[in-house]
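Trainee: Chains as they are written, first to last, in my numbering: chain A, 10 to 136; chain B, 53 to 347.
There are no misleading hints in this set.
Facing chain A, from chain B, some residues (calculated, C-beta under 8 Å):
{"id": "1", "residue": "68"}
{"id": "2", "residue": "88"}
{"id": "3", "residue": "89"}
{"id": "4", "residue": "90"}
{"id": "5", "residue": "217"}
{"id": "6", "residue": "240"}
{"id": "7", "residue": "312"}
Derived list of chain A stretches under chain B, where covered just means 3 residues or more per stretch with a C-beta under 8 Å from a C-beta of chain B:
{"id": "8", "segment": "23-35"}
{"id": "9", "segment": "103-116"}
Estimated spans, in silico, between C-beta atoms of each pair:
{"id": "10", "chain 1": "A", "residue 1": "77", "chain 2": "B", "residue 2": "243", "range": "16 to 24 Å"}
{"id": "11", "chain 1": "B", "residue 1": "246", "chain 2": "A", "residue 2": "132", "range": "29 to 37 Å"}
{"id": "12", "chain 1": "A", "residue 1": "47", "chain 2": "B", "residue 2": "344", "range": "42 to 50 Å"}
{"id": "13", "chain 1": "A", "residue 1": "133", "chain 2": "B", "residue 2": "341", "range": "39 to 47 Å"}
{"id": "14", "chain 1": "B", "residue 1": "207", "chain 2": "A", "residue 2": "132", "range": "48 to 56 Å"}
{"id": "15", "chain 1": "A", "residue 1": "49", "chain 2": "B", "residue 2": "248", "range": "24 to 32 Å"}
{"id": "16", "chain 1": "A", "residue 1": "92", "chain 2": "B", "residue 2": "140", "range": "31 to 39 Å"}
{"id": "17", "chain 1": "A", "residue 1": "37", "chain 2": "B", "residue 2": "341", "range": "49 to 57 Å"}
{"id": "18", "chain 1": "A", "residue 1": "131", "chain 2": "B", "residue 2": "102", "range": "53 to 61 Å"}
{"id": "19", "chain 1": "B", "residue 1": "212", "chain 2": "A", "residue 2": "61", "range": "55 to 63 Å"}
{"id": "20", "chain 1": "A", "residue 1": "125", "chain 2": "B", "residue 2": "191", "range": "45 to 53 Å"}
{"id": "21", "chain 1": "A", "residue 1": "74", "chain 2": "B", "residue 2": "248", "range": "34 to 42 Å"}
{"id": "22", "chain 1": "A", "residue 1": "34", "chain 2": "B", "residue 2": "143", "range": "32 to 40 Å"}
{"id": "23", "chain 1": "B", "residue 1": "248", "chain 2": "A", "residue 2": "47", "range": "19 to 27 Å"}
No lab work stands behind these hints, which were simulated from the structure alone. These numbers come from a predicted model, not from an experiment. Note that the Cβ used here is the ideal one computed from N, Cα and C, for glycine as well.
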Amino acid sequence: MAKRKVTAQEPDQSWQKMLLARPVRNAAAKVSACSDGCLRIAIPNLRPWYLFPPISWMVRPAASKSLVLEGLGAEVWDLCDGRRTVEEVTDCFAARHSLSFHESRVSITGYLRLLVQRGALAMVEEA
Amino acid sequence: MTLWTWRHIRIELPDDWEMLQFSRKTDVGRCGFADRYQFRLELSWRKVIGPPDYNRMLSDYQAKLERERGMENSRRIATAGWQGLEGRIGSQMTSRFGWYAPTESLLLEAVFVWPQDRDKGLERLVLASIGEEPVRSDGLRPWRAFGMNVLASDDLSLQDCQVEPGLAKLVFGRPNSEKFRETFERIGMVSHWLNGTVREWLLGRLEVEAREPQAATDRIADHQIETVLVDSTNRRGGRSWFGRGGCYRTAAWICPTDGRLYRISERRPTARTSDNLPLAGGRLCCCKSLSETYG
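For reference, chain A alone in the conformation it holds in the complex (with noise of 0.2 Å):
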């Protein structure tokens, strides 16, 4: 089925709310710093259900996954300090780079949504 385009004046077209999410950081995960400037982050394994002995005693699991952040990905790690929400990580970043807000909300967006998908953020909606 193709795709319908979504036009300006369809209902509810607002952003809005997805910006006033703040992104938090996972607690669990730990950040340490590479020599080159990166940021390692290593976010631990959650233990699959089926672990327990005897298959324990074999199947060794990664206790945790890394995360490389090169660069740009390690600033917008930064501006995530679990109190900035998403529009103004945006505004920082655009700031920062000379961006306009929509060609800077695009780039967070899409990198905070990565984030998210590994584990490295939670996103927090306020009520």
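Given chain A, put chain B in place with the hints provided.
Mentor: Using the frame of chain A, we list chain B on its own:
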């Protein structure tokens, strides 16, 4: 207010409204502009054979919106010479206006989406600013979008438009012809990707085979302009085999005002009168100081 010009239609919008949707088609298309939270204006166009009967068109449109989109409290309105309708669809207040652009034979529709109530002052300002952008005597036509102030040849059409974070690119040409091509680019976050000089980068981006490109550097209004000229018609005292000769010129610079890299390139089989207009500041402008240099 910021001036945008797209598809030979000019419009002034609040500075924080950006074009998030656009159409390259000339006969029928639309552009969507948004503030930071939502779409605020949709400007659509359709080629028609003559001015419409506004009364009949608006009555039919009003009935259609009430029937198909559930528009409530609709009523006829008029502002700044535009006739239209206002009404509520769901939770959103909308006002929509129609106007016939005589030179281009276009029927324009401007649809405002109001988060709360109608801002009649802003509505009037925007509608009064909408008009046709005529072709200049040198055969060039202005386009203003995504931070670029462009003069493109009127005999070429917009073939490609690429807009990504930190990149805007407009390509004008003729379908199925590589001989005519004008490219305008604006690239951001330069310190993150530009390793060499602007000249080196520009020479690496030549779109034609060039054995002896003539490179030059100029300084105009604090802008260091790198220019490359390739004239393949003179290479062997005439046109190259297969008729691939022609003029190719390109320029690039970093604007000190916004820190972005601008590039323009033009390819044509023959020179034209508008070739006297410089590429930087004439055909492509980044800021006021550069544009003021050439009036």
